Amino acid sequence: MKVLLSGNEAVARGVYESGVQVAAAYPGTPSTEILENLAQYDEVYSEWAPNEKVALDVAIGAAYAGSRSMAVMKHVGLNVAADAFFYASMTGLEAGLVVVSADDPFMHSSQNEQDNRRYAKFARVPCLEPSDSQEAKDLVGVALDISEQFDSPVMLRLTTRISHSDTLVELGERQAEERTEPPEYRVDRIKYVMVPGNARRRHPVIEERIEKLIEFAETFPYNKVEMGDTSLGIVSDGVAYQYAREVFPNASFLKLGMTYPLPPKMIHDFASKVDRLIVIEELDPFIEEEIRLMGIAVEGKSIFPMIGEFDPAVVRQGAIKAGLLPPSAAVEVRQPQWETPLPLRPPILCPGCPHRGVFLMTKKLKMVISGDIGCYTLGFLPPLSALDTCGCMGASIGQAHGVSKAGIAQKHAAVIGDSTFFHTGLPALLNVAYNKSDTVTIILDNRTTAMTGHQNHPGTGVTLKGEPTRAVEFEDVARAFGIERVHTVDPYDLEEVEGALRDCLEAEGPAVIIARRECALMPQARKLWMTLRVNEDRCNGCGLCFEVGCPAVIKSDRLDAKTGRAKAWIDPLLCTGCEICAQVCARKAILFKEEMVEEGERA
Amino acid sequence: MKTLNFLVVGVGGQGALLASNVLADVGVRAGYDVKKSEVHGMAQRGGSVTTTVRWGEVVYSPLIGPGEADYLLSLEKLEALRYVGMLRPGGTVIVGDLGIPPLSVSSGNDVYPDDEQVRRALSQVTDEYYLIPSVRLAEELGNARAHNVVLLGTFSTFLDDIPPDVWLQSVEERVPKRFVELNQRAFQVGREAISSR
Numbered sequence: 001m002k003v004l005l006s007g008n009e010a011v012a013r014g015v016y017e018s019g020v021q022v023a024a025a026y027p028g029t030p031s032t033e034i035l036e037n038l039a040q041y042d043e044v045y046s047e048w049a050p051n052e053k054v055a056l057d058v059a060i061g062a063a064y065a066g067s068r069s070m071a072v073m074k075h076v077g078l079n080v081a082a083d084a085f086f087y088a089s090m091t092g093l094e095a096g097l098v099v100v101s102a103d104d105p106f107m108h109s110s111q112n113e114q115d116n117r118r119y120a121k122f123a124r125v126p127c128l129e130p131s132d133s134q135e136a137k138d139l140v141g142v143a144l145d146i147s148e149q150f151d152s153p154v155m156l157r158l159t160t161r162i163s164h165s166d167t168l169v170e171l172g173e174r175q176a177e178e179r180t181e182p183p184e185y186r187v188d189r190i191k192y193v194m195v196p197g198n199a200r201r202r203h204p205v206i207e208e209r210i211e212k213l214i215e216f217a218e219t220f221p222y223n224k225v226e227m228g229d230t231s232l233g234i235v236s237d238g239v240a241y242q243y244a245r246e247v248f249p250n251a252s253f254l255k256l257g258m259t260y261p262l263p264p265k266m267i268h269d270f271a272s273k274v275d276r277l278i279v280i281e282e283l284d285p286f287i288e289e290e291i292r293l294m295g296i297a298v299e300g301k302s303i304f305p306m307i308g309e310f311d312p313a314v315v316r317q318g319a320i321k322a323g324l325l326p327p328s329a330a331v332e333v334r335q336p337q338w339e340t341p342l343p344l345r346p347p348i349l350c351p352g353c354p355h356r357g358v359f360l361m362t363k364k365l366k367m368v369i370s371g372d373i374g375c376y377t378l379g380f381l382p383p384l385s386a387l388d389t390c391g392c393m394g395a396s397i398g399q400a401h402g403v404s405k406a407g408i409a410q411k412h413a414a415v416i417g418d419s420t421f422f423h424t425g426l427p428a429l430l431n432v433a434y435n436k437s438d439t440v441t442i443i444l445d446n447r448t449t450a451m452t453g454h455q456n457h458p459g460t461g462v463t464l465k466g467e468p469t470r471a472v473e474f475e476d477v478a479r480a481f482g483i484e485r486v487h488t489v490d491p492y493d494l495e496e497v498e499g500a501l502r503d504c505l506e507a508e509g510p511a512v513i514i515a516r517r518e519c520a521l522m523p524q525a526r527k528l529w530m531t532l533r534v535n536e537d538r539c540n541g542c543g544l545c546f547e548v549g550c551p552a553v554i555k556s557d558r559l560d561a562k563t564g565r566a567k568a569w570i571d572p573l574l575c576t577g578c579e580i581c582a583q584v585c586a587r588k589a590i591l592f593k594e595e596m597v598e599e600g601e602r603a
Numbered sequence: 001m002k003t004l005n006f007l008v009v010g011v012g013g014q015g016a017l018l019a020s021n022v023l024a025d026v027g028v029r030a031g032y033d034v035k036k037s038e039v040h041g042m043a044q045r046g047g048s049v050t051t052t053v054r055w056g057e058v059v060y061s062p063l064i065g066p067g068e069a070d071y072l073l074s075l076e077k078l079e080a081l082r083y084v085g086m087l088r089p090g091g092t093v094i095v096g097d098l099g100i101p102p103l104s105v106s107s108g109n110d111v112y113p114d115d116e117q118v119r120r121a122l123s124q125v126t127d128e129y130y131l132i133p134s135v136r137l138a139e140e141l142g143n144a145r146a147h148n149v150v151l152l153g154t155f156s157t158f159l160d161d162i163p164p165d166v167w168l169q170s171v172e173e174r175v176p177k178r179f180v181e182l183n184q185r186a187f188q189v190g191r192e193a194i195s196s197r
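Quick mapping for you: the protein sequence lines, in order, are chains A and B.
In terms of our numbering, the first sequence has 527 at position 527, counting the first letter as 1, and numbering is strictly consecutive.
In terms of our numbering, the second sequence has 174 at position 174, counting the first letter as 1, and numbering is strictly consecutive.
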């Protein structure tokens, strides 16, 4: 029977079916659900690692030990893991290793849209690309077989649209030999100790490997020619193939399941049979450039965009412009005209988000903040406008140190989340301590990896499989590094946050503030939700509470008689009772929970 | 058969994902090739959520372009306006009569469109639009959260070659046991919401 699976669910199933023993990842959209789904299979050991480099080293270790393994990351995660990716290519492995890279065209949830097929070529690692969930599942096993046949890691490249689309999949059984006793570790120091002498021996090996893989690609069953009308030949890969099939139902196709290395004979042969050769691929002209290097005339990015995500409309528009389709192929669209633009619905910090308390106070103290990657990045938006940079995971602390060494008028601060701190903030904080930084590091500890949907991390005391483990305390880490000024505050208590900030700003030297309060969307936090209320007689519409930027605090249609300004109203469906707005209100018009309870008792 | 394109839109946390999961599952039960694709930004709660569902003999693309949706199912009015351009002119729109103001509206900087504007905008694309009081109908059954299943009930009447039981089975498998009866009633109320059909 066929079942609907997302690309990520299908990869998890493929990992299970193909006998993988060890899988590791750091959460990152659009890849997160792979390990979340894999965790249900007891036959596969799976874990959240603190970052992608650690995850890949773990997977490499398992493959050195003779077990099939996998590391999973979003595209920018491979930047973090690149060092490991390259050495694994040099050494090869004792068993299959798949590195899943989930790229994010259009940057639905990322800081860039880098095309990781470039990494495959860069590191001389073969790259497979599925076009739907069935292929996503099947290519996991195929990748492992290739990995073992050619003694190389294999990249399985997904994109957001493959990861987050559901298509029909035929399930299979797990193919794994039952182990009666643990295997011996096969020692091979010349192969696995990458000192210069050994590395010089390995480099020719990996260049020869690519030559063999080129031969292999010529008959690889996932590189498929589908001949149709020969006036147009289309080379395509991944989800772009689906859009191309939709828009050009009659054209001839060369569908590439392996996009590095490419099969030159197959491409020459296909090109010779068609009048015009084009490549339809998202992001970089990767395939196009490779084909051009073969001396074959080809078009691609002169027709279709290099920026953003494709869909059938994007492909159709490009094709009409280039004369590949008649203007009559355009789809009729009726778009209503608006007198004023529709209100947008941008992402915002949720009602009750503990980060809000910290940002209100750093803003009050006019601090300049180096930011990081997580929900709290949204603190850059008005009305908080409290975060000034966001580059990549873990960048904030190093940046803040650089700013302070360069010297600016005020003491500089970094803001970083709990999971991001473990990811790459740790060595940066060590640098702060070592190089006597005059900065404040604010760790927003909401007890989870919130933005990707609440994954555990080394500070939560629970593993991916739900087992209890030791929870690392940030206070201990900071003190172990030699930072003496360490505050722990509740971000729901504005006075406490301000006090800690002032203490750190007035003192010389490095300081750490841990703002600890569970994400308001966690099940345990939800149990404490309670709706606050505005006392309309006291509210004069001053608007201070609107500056909190909480979706639950709303301008009502009741106007204050004296000021003529709208009074505040709290949406009972959204309010969680965090009391941040109540602390901000100068007229004590927003009732605290205690007052609400007293009021209820009087009634 | 011609491929059928559905677009389900709403606000994160509203139940749009359940509605689109049921829609995709019903397509599978009816024997079609089915693809479903979610597009959501970074917001955990409160962002706009859109899902494409396609049924057909063979479905290639998981996404559709503007003007290609045969049906637009919207759980919220502003989102219906935002995505109505995705509808094939003359296609069908079913909108839950619910407004969730975004932050720019609740802070008084933008204005939420009134019902007259909603109707006027939808009518520029199609005559086949229906505003369903899904939240009120669900509230009358005792739980406003069932509004998505009310809308699914209404929607099911437009695909009348699929028996209601197929939809109900799919809904039942996706809601907690204690809510099964509520959702059965919500589905039925939804089926009866457009009296002329």
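Calculated directly from the structure, the hints in this document are not laboratory data.
Here the structure is a predicted model, which is why all the values come from computation and not from measurement.
Every residue gets a Cβ at the ideal spot worked out from N, C-alpha and C, and that includes glycine.
Among the hints, a few may not be true.
Said to hold, decoys possible - A short, non-exhaustive set of chain B residues, derived as facing chain A with CB atoms under 8 angstroms:
no. : residue
1   : Ala24
2   : Lys36
3   : Ser106
4   : Ser107
5   : Val166
6   : Ser170
| task | Report the numbers of all earlier hints that the structure fails to satisfy, in ascending order. | result | 5 and 6
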